[in-house]
Amino acid sequence: MPFVYGLLAMLAIALLHAAYTDIVRREIEDWLNAAIALGAPLFWWACGLSLWPDVAMQLALGAGVFIFFALMFALGAMGGGDVKLLGAIALWFPWGVMAKVAIAMSLIGAVLTVIILIEHKMHRKLGQPEVPYGVAIAIAALWPVGERFFNHFA
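When we follow the numbering used here, the leftmost residue of the sequence shown carries the number 57, and every step to the right adds one.
No wet-lab data here; the hints were simulated from the structure.
Some clues are possibly wrong.
[Claimed, not checked] Cβ pair distances, simulated, as ranges:
| id | residue 1 | residue 2 | range |
| --- | --- | --- | --- |
| 1 | 108 | 199 | 42 to 48 Å |
| 2 | 156 | 102 | 19 to 25 Å |
| 3 | 155 | 57 | 21 to 27 Å |
| 4 | 205 | 127 | 32 to 38 Å |
| 5 | 86 | 178 | 31 to 37 Å |
| 6 | 80 | 108 | 19 to 25 Å |
| 7 | 103 | 80 | 32 to 38 Å |
| 8 | 162 | 76 | 20 to 26 Å |
| 9 | 66 | 113 | 20 to 26 Å |
| 10 | 180 | 203 | 38 to 44 Å |
| 11 | 59 | 174 | 42 to 48 Å |
| 12 | 109 | 169 | 34 to 40 Å |
| 13 | 180 | 61 | 46 to 52 Å |
| 14 | 82 | 57 | 36 to 42 Å |
Quick reminder that beta carbons are idealized off the backbone N, C-alpha and C, glycines included.
Using the sequences and the hints, build the whole thing.
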């Protein structure tokens, strides 16, 4: 079990780094998304997931989330780093938890968007405001990660 907590701690650090770089540079690095995705199989192994159906379901969920948000990227609604981050995160959580992450992400993202729009208007900036959606993604994903540490019933 300590290995599981270590992996979750590394995921939390990676999510915080993703949020930070998205705020500072409006970019989430590919190497970070790859590291998150490549850490998932270690997490599966540490949790004792079986290849069938557990790992297969995680892979299907990761692919499904990635494809859905890739369509959002194609429509101009999200950045590419956000899409890759969501696909990588989906490899870590079961579908029920990922649904909660998506709902939390949407709500946090809406609040963040309103804040960015107000700030954009107050400073009379030109052009379209850029919302660092990686912040909403990271905060939403930190919720189930933190549950393992702070809620002994999780």
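Next item on the list: Using the Cβ atoms, figure out if residue 80 sits within 19 to 25 Å of residue 108.
Entry: violated, 42 Å
Check: Honestly, do residue 108 and residue 199 meet the 42 to 48 Å range at C-beta?
Finding: Violated: the Cβ-Cβ distance is about 29 Å, outside 42 to 48 Å.
Checklist line | CB-CB spacing for residue 102 and residue 156 relative to the 19 to 25 Å hint | finding: Taking Cβ atoms as reference, residue 156 and residue 102 lie about 22 Å apart, which means the hint holds.
Check: How does the Cβ-Cβ distance of residue 180 and residue 203 compare with 38 to 44 Å: does it lie in that range?
Finding: Once the Cβ atoms are compared, 42 Å apart, the range 38 to 44 Å for residue 203 and residue 180 holds.
Checklist line | Consistency of beta-carbon spacing, residue 178 to residue 86, with hint 31 to 37 Å | finding: holds, 34 Å
Check: residue 103 and residue 80, beta-carbon distance inside 32 to 38 Å?
Finding: At 33 Å between Cβs, range holds.
Note to self: Within 34 to 40 Å: is that where the Cβ-Cβ distance between residue 109 and residue 169 falls?
What the structure shows: Check passed, 37 Å falls within 34 to 40 Å.
Check: Is the distance from the Cβ of residue 155 to the Cβ of residue 57 consistent with 21 to 27 Å?
Finding: This hint holds: roughly 25 Å between Cβ atoms.
Check: Regarding residue 162 and residue 76, is the given constraint of 20 to 26 Å on their beta-carbon distance met?
Finding: holds, 22 Å
Next item on the list: Take a look at whether the Cβ-Cβ distance between residue 82 and residue 57 falls inside 36 to 42 Å.
Entry: At 38 Å between Cβs, range holds.
Check: Per the hint of 32 to 38 Å, is the separation of the Cβ atoms of residue 205 and residue 127 within bounds?
Finding: holds, 34 Å
Next item on the list: Determine whether the Cβ-Cβ distance between residue 59 and residue 174 falls within the hinted range of 42 to 48 Å.
Entry: holds, 44 Å
In summary, the numbered hints that this structure violates are 1 and 6.
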